[in-house]
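Novice: The whole structure should be built from the sequences, with the hints applied where relevant.
Given next are the chains, with one letter for each unit.
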Amino acid sequence: MHLAYPAVLAALLFCVGVYGVLARRNAILVLMSVELMLNAVNLNLVAFDVWLRDALHSGQALTLFTITIAAAEIGLGLAIVLLVHRNRGSSDIDRLTALADPAGPGGDGPAHPGPGAAQDGPGTAAGDEKAEATA
Amino acid sequence: MNPGSALAAAAHHPGFLSPTGVEITFVLVGLATLGAALLTVTTRQLVHAALWLVVALGGLAVEYLLLTAEFIAWVQVLIYVGSVVVLLLFGLMLTRAPIGRSPDADSGNRWVAVAVAGAAAVTLVWVVVDAFRSTWIDVHGAVQGTSHATGTSLFRHWVLPFEALSVLLLAALVGAIVLSRRDDGGKETQ
Amino acid sequence: MTLTALAALVPLLPFLGAAAGLLLGRTAPGFVRPLAVLPTAASLALAAIVAARQGTGAPTDAAHRLAGTGSVPIDLALHLDGFSVLIAVLVGLVATCVQVYSLSYLRDDPRYPSYAALVSLFTAAMLLVVYTGDLMVLLVGWEIMGICSYFLVGHYWETETARSASLKAFLVTKLGDVPFLIGVFALATDAGTFRINGILAAAAEGRLHHPTVIALLLLAGVAGKSAQFPLHTWLPDAMAGPTPVSALIHAATMVAAGIYLVARLLPVFTASTAALAVLAVMAAVTMIGSGLAALAQDDIKRVLAYSTIGQLGYMAGALAVADRDAAVFHLLSHAAFKALLFLGAGVVIHASGTNSLTAMSRMGGMGRRIPDALWTMGLGLAALAALPPLSGFFSKESVLRAAEHASAGHTAHVPAAVGWTVLVAGLVTAILTGAYATRLFLLAFRGSGPEVPDHGRQPVAMTTVLWVLAVPTVAFGGLAYSKLPDWFGGAAGGSLGPVLVTSVLGTGLAVVGVLAAYGAWQGTAAIRAANPIGAVVAEPADAEPALVEAEAIAVHEEVYGDVAAAEDRGDPGRLLLGPLHRPAAHGFHLDALYGTLFVRPVLAAASLVRFLDSQVVETYVSGAGGTPKLIGAAVRKAQTGNVQTYLGALLAGAVVLAVLVAVGA
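Protein chains in written order, with my numbering: chain L, 1 to 135; chain B, 1 to 190; chain U, 1 to 665.
No lab work stands behind these hints, which were simulated from the structure alone.
Incorrect hints may appear among the rest.
[Claimed, not checked] In silico contact screen, one side only, chain U against chain L (beta carbon under 7 angstroms); selected entries: (1) 23; (2) 26; (3) 639; (4) 640; (5) 641; (6) 642; (7) 643.
As the structure is a computational prediction, the values presented were derived from the model and not from experiment.
Where a beta carbon is used, it is the ideal one built from N, C-alpha and C, also for glycine.
Specialist: Next comes the structure, spelled out in structure tokens:
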């Protein structure tokens with residue numbers, strides 16, 4: 001098999017994952033895109049391992065490790081997303097702008113978002129209700 | 001070199017324009033995987049995204065099989081499709097993701113993301129194709145990815161990282177529990 | 001003890017008294033009064049001994065090199081001759097009288113310790129100026145007197161009048177002192193020494209190359225210190241200080257320092273005819289102008305201030321005709337009767353509760369209330385008007401005689417025109433002097449109206465001093481005029497005795513002035529009876545006189561609308577001066593002129609500078625801050641807080657780098 005096929009597929013999957021990380025609003029969708037990127041890397045590792053016929057099987061071993069770490073990461077990531085959702089009422093990445101620098105003179109550093117549901121966020125539409133539309 | 005061995009060598013390296021069956025299968029499954037991935041990152045329905053992710057990950061498992069890495073393929077199905085996607089679905093449920101179409105699933109950075117991803121794709125594909133123009137994988141030799149081979153190499157050459165990995169998993173487990181514990185009284189406010 | 005040692009003690013004792021007074025004033029207030037009077041009295045005694053020992057002999061010189069300076073050395077030099085010893089005795093006498101007077105005048109004043117110390121320091125500085133033979137040391141004494149004058153005139157610094165008066169005195173005299181300093185340096189450069197003997201020798205040998213410039217520069221300082229036109233404007237306002245201060249500083253000592261300096265350095269001035277002419281014109285303008293102004297003043301002390309200016313003009317006129325003996329004679333006798341007049345004015349202000357002649361002329365029985373002041377001031381005013389046989393007659397007569405001598409062309413170095421200027425101005429001033437002296441006496445002591453309220457018996461210290469000073473007022477002239485030329489070294493003037501022509505003219509004109517004032521006074525009596533004006537300070541009878549005076553000065557402007565004059569149609573001066581009364585009352589508007597010429601441009605320049613600083617320079621400064629602010633605002637726009645934005649930028653950068661590497665490779 002020509003090596004280009006798995007390599008190109010991995011490259012394309014990676015870029016799709018990049019698009020997803022940058023474009024999706026919900027934190028969990030971002031995590032999904034990260035999974036896509038990790039899988040692309042795994043494919044690359046496996047393909048090169050098979051091509052090189054590595055004596056140590058390092059490619060496949062590392063793939064296993066990557067899968068394990070991805071699993072650990074998704075567990076922790078989801079715990080964080082849950083916490084964010086619990087504290088701020090939504091898991092929109094757009095709303096997590098506490099480290100923004102407010103424009104204008106005498107801006108007083110990062111604003112502290114209040115507890116509970118109330119949230120300020122430059123650039124977001126007042127879409128609390130939109131994102132939380134229940135069935 | 002006699003012409004016979006040259007012919008054998010030529011036959012051993014198939015030409016670019018005469019794909020084998022494995023290659024065709026690989027391409028077709030690859031297209032399906034890519035399509036599913038694209039749908040994952042573009043669909044407006046959040047739960048569907050998770051489900052398309054299942055398809056993508058499954059497609060990748062098939063690719064692993066085609067590449068003779070069977071242990072990896074089954075691990076992929078078990079861990080990724082089995083637990084990761086389930087975790088994602090649980091996450092969607094616990095954060096009250098809307099069922100059905102949500103109009104603002106994409107943030108305002110969409111166009112920047114398209115540009116960046118597109119540029120990255122072009123660059124990577126170009127570089128990769130240019131670098132590996134005449135490289136072929138031998139999938140018909142000794143199978144690299146059997147459980148026997150993988151297990152032997154894991155527990156012979158990779159045993160220390162393996163143990164470290166188990167510690168990492170323990171840490172992740174503890175961390176996840178601590179993070180998501182709901183403390184009554186005090187910890188909820190900033 | 002040697003003469004030099006005694007002479008060195010004379011300025012030293014009051015200086016030590018001042019230092020002790022300043023140090024101990026708060027911690028040991030019981031010592032303050034002895035420390036005020038005793039060193040000054042001791043200094044007077046020593047000065048008298050020095051004078052007796054120096055006598056009419058050759059001048060005594062002693063010197064100690066203070067600093068080589070590299071070019072012209074500075075010496076701590078002593079020069080004792082007839083002039084300096086006599087003036088030192090005078091200064092000691094007046095200072096002692098003032099200190100004794102102040103014991104009662106400022107008895108309850110909280111700042112008495114510093115006041116007494118400053119008066120002692122002032123006395124020490126004046127004695128230093130008188131005794132020294134080195135110009136630099138003289139300058140030191142000169143400047144110390146200036147600063148003491150500032151502090152003492154501003155003694156009642158709670159009031160606006162005193163504060164601005166002390167600043168004005170300081171600044172105007174300083175304005176004269178700067179050219180004076182330059183003149184001293186020029187003189188020393190030309191003569192090669194700061195020693196006065198050396199300078200006089202250089203002048204005699206004709207080694208001074210720029211006598212006119214030097215003389216004019218020195219005259220600037222003299223005009224400031226001795227209150228001659230055009231730097232005289234500070235003296236009338238300096239009457240805001242306590243009366244003893246006015247007596248010491250503005251009658252007898254500081255203002256005499258300028259005259260004394262010209263007298264000492266007269267050969268420098270006679271080397272330049274232009275300087276003599278300028279001095280004569282200054283003296284003439286000063287004499288006549290101040291005489292007119294004195295006729296229009298309402299404040300009793302301001303009348304005496306303008307009178308001092310005029311009498312100093314006499315002395316300056318005498319110096320302009322190169323007769324220093326006459327000038328110093330007049331200086332000595334004027335010091336005595338002017339100090340007497342000022343101290344008497346203090347008694348009058350205390351007894352009447354006001355410093356306004358207008359108010360005093362509406363009070364009856366002043367003479368009965370304060371008989372000591374009545375008699376002594378009467379004598380003093382008669383001496384001021386140069387009526388024989390008082391000392392003022394003899395001293396003024398010597399001045400007029402010297403002027404007449406010069407006008408006839410008999411004086412070397414002095415053009416006849418200069419002599420005529422001084423003579424004519426002196427005679428006109430004689431009329432004016434007689435007029436304003438009479439006006440003062442009549443308005444203060446011969447007022448008619450309700451009985452003056454009782455402000456208590458005048459303290460013994462004050463009245464005794466008046467009589468002490470009355471003695472030289474009466475006797476000095478007649479007894480001294482024949483002996484003084486020996487003391488003064490028998491210079492070109494020769495005898496100081498009266499000459500028939502000028503004495504008849506002078507006395508006659510003075511009597512004319514007296515009679516004119518008396519007539520005007522009688523003529524306006526009816527107007528005065530019909531218009532009672534005046535405000536009196538109401539203080540308990542045992543309040544210290546200084547308090548009464550401070551209040552009287554402070555309220556004068558509020559009551560009468562002007563610090564100098566009152567709108568009184570019953571004022572004989574108004575009748576005598578006619579249309580000149582209004583300008584004369586305001587010092588011929590010289591202050592307003594100075595304000596327009598100097599003060600307003602300086603204030604305008606200051607506001608221009610402030611404008612430039614706040615609008616122009618500030619703009620650059622805040623503009624310099626503006627660019628970083630803009631850049632910061634632009635950069636701040638990138639900090640959206642959105643993680644995806646950051647990641648996008650990161651990945652885009654990574655892609656670009658990768659492309660570059662790929663293309664480069």
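Novice: Confirm or reject each hint.
Specialist: Hint by hint, here is what the structure shows:
1. Taking 7 angstroms as the C-beta cut-off, the interface hint given for residue 23 of chain U is violated, the closest approach to chain L being about 55 angstroms.
2. For residue 26 of chain U, the suggested interface contact is broken, since its CB lies about 52 angstroms from the closest CB of chain L, more than 7 angstroms.
3. Of the supplied interface hints, the one on residue 639 of chain U holds, with its beta-carbon coming within about 4 angstroms of a beta-carbon of chain L, less than 7 angstroms.
4. Checking residue 640 of chain U against chain L: minimum C-beta separation of about 6 angstroms stays under 7 angstroms; hint holds.
5. A least Cβ separation of about 3 angstroms between residue 641 of chain U and chain L falls short of the 7 angstroms threshold, and the interface hint therefore holds.
6. Evaluation of the residue 642 of chain U hint against chain L yields a held restraint, the C-beta minimum of about 6 angstroms falling below 7 angstroms.
7. Interface restraint check for residue 643 of chain U: the shortest CB-CB distance to chain L comes to about 6 angstroms, inside 7 angstroms, so the restraint holds.
In this structure, the hints that do not hold are numbers 1 and 2, in rising order.
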